[in-house]
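Those protein sequences? They're chains A and B, same order as listed.
Per the working numbering, the very first residue in the first sequence carries number 1; after that it's consecutive.
Per the working numbering, the very first residue in the second sequence carries number 1001; after that it's consecutive.
FYI, nobody ran anything at the bench for these hints, they're computed from the structure.
Just so you know, not all the hints are guaranteed correct.
[Claimed, not checked] In silico DSS-like cross-links for lysine-lysine, where the CA-CA straight-line distance does not exceed 27 Å: (1) B:1305 to B:1318; (2) B:1228 to A:260; (3) B:1104 to B:1318; (4) B:1150 to A:238; (5) A:260 to B:1150; (6) B:1233 to B:1079; (7) B:1228 to B:1318; (8) B:1271 to B:1127; (9) B:1262 to B:1230; (10) A:260 to B:1233; (11) B:1263 to B:1079; (12) B:1318 to B:1079; (13) B:1233 to B:1104; (14) A:260 to B:1140; (15) A:260 to B:1263; (16) B:1263 to B:1140; (17) B:1230 to B:1079; (18) B:1150 to B:1104.
Residue-level listing of the chains:
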Amino acid sequence: MPDITVPSNNLTTRLPILRILKERLFIVLCIIGTVFGVLALVTLFYQVFVDGWHRLSWDFLTSMPSRHADRAGVLPALVGTLWLLVLTTLVTVPLGIGSAVYLEEFAPKNRLSKLIQVNIANLAGVPSIVYGLLGLAIFVRTLSLERSLAAAALTMSLLILPMVITASQEAIRAVPNSFREGSLALGATRWETVRNAVLPSAYSGILTGVILGLSRALGEAAPLIAIGAATFVSTVPKSPMEEGFTVLPIQIFNWADRPKREFLENSAAAIIVLMTVILVFNLLAAILRTKARKRTRA
Amino acid sequence: MKMVSIALLLVAAICISGCGDKGGFAGSGEGGAALRGSIQADGSSTVHPFTAAFAEEFRMQNRGVSITVGESGTGGGFKRFCRGETDISNASRPMRQEEIDLCKENGVEFIELPVAYDALTVVVNPKNTLLDSITVEELKRIWEPNSTVKTWRDLNPAWPDRQILLFGPGQASGTFDYFTEAIVGKAKSSRTDYSASESDNELVNGVAGSDWALGYFGFSYYDQNRSKLKALKINGVEPSFETVENGTYQPLSRPLLLYINKKAAERPEVKAFIHFILDPANREIMKEEGFVPLPDEVYSLVRAKFDHLKTGTVFGGKEAVGLKLDDLLKMESGE
């Protein structure tokens, strides 16, 4: 044994100093990269909490927007955001996973599939405002859904579908072929194979894609402004078809642009509310994912 | 379902019995039976706080009416309005010819209501002690396209050779349209090498943050940030509620307008809302939001115009630059 370790020790001591320095430099660069991201986030959180913390209260969550900054609340925006979350999930999940399953498991590997594939990848890079204009033309005007939450949710689904489909495809591709072969060999149909073998083991990867997509949808304001979301709403939306709604990012945007300084504090407080919604939602998804992992292992 | 309707009834009952004697701002007279319905407004971001403030106060007495106010900009608002999608369009400039044509094409008739004044304010950093007043001619030299004014010395040989950092609204803004028309002489004609932002707060921070800056935006943004900015007199007149009201702050006073779809104007809830806005007892609401009210005579003319459903524009598709209140009076009564 010692005769093996000795030469290898010699080898490391013989490493030229330049290579060692390079390695050190590389590690330092990696650390700087990590710290930079974290610092930016911490600064943002700090700023927002300093500005907005004292405005947070039950009243802030349950009040209507107002021209008096100290009486204003986020109720319609918060309810709008939650509606949007639920509706977008309902549209995106079946469509996104459905397309991914089709493309991975059923679609013939020909030019057409390739074309579709390339299109989906490109769609992920289209700026969100373009989806807003598309939503305005198709959902708001052609389908005359007007400026409703339904139109907003459909627009947001369009926006995040490429992301969800691509992530789901990756997850499905990562399922070992032996799973499918085993299932088929036992006499299962292809549907049963997808249902019982592929999807359960791809579940957590798909879930990650869905969460990333929906988190993005919750934070977007531009496409909703394009389809005509209002910035002052006096009632809480009761149905997805109701005209006139607002969401938290738009409320934040509106308050940040008011001449009165106190509204900036409201804006910061609304940012805290929005981040909390997204965090809670991500937490829920994390719990679901760990549960699913345990189940697939058992 | 039953619970919900009972709860709604209770709320309505409380509101009808309670709101009346709470005082606050005056009702519009048509109270009586509870109003129901919804009103859609959209348009200028300058006028947005105006309409939103009145919507909030109006709803204190009329819980059954829901009002939404969007912020697509004056031009964006007109596009929607002329498709018949909104009942009220907020505007920081009169309707242009192509917008009038679009409305006509879609069979949308509108009533044009001047509702308040705004004063565009030219500001510098408080540390700048070079000047307190500026002339329209000097402003034109600074802002015209291909302007050769780069430093303060270019403006006045006695001043230091420091670059003038310019801040102003972006090209999509109605404020930009009005300022260029009033100062340069042609709407949308401006030098382009300045820091442009659609967010007025960014302009405020820009001027407050550099000693040699100069910028322009709506009066309410100056009004709320007086400690950080210095407003320049224009041709010797300082911007204030008084100078705008008496017509001496020229040419940067501009009328703000509401355009009402004629069909919507026949609905009781829209009628009540407009009467509420024009009610003399509610003038404080607009002052609190930084808007300069028109004289009472103009409001009575405007109300008469609304009640008679008089359609069309008095501005002939042009900007309303240098328009004094008595001019406006004549235009309104000359109909």
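Indices of hints not satisfied (ascending):
4, 5, 6, 7, 8, 9, 13, 14, 15, 16, 17 and 18
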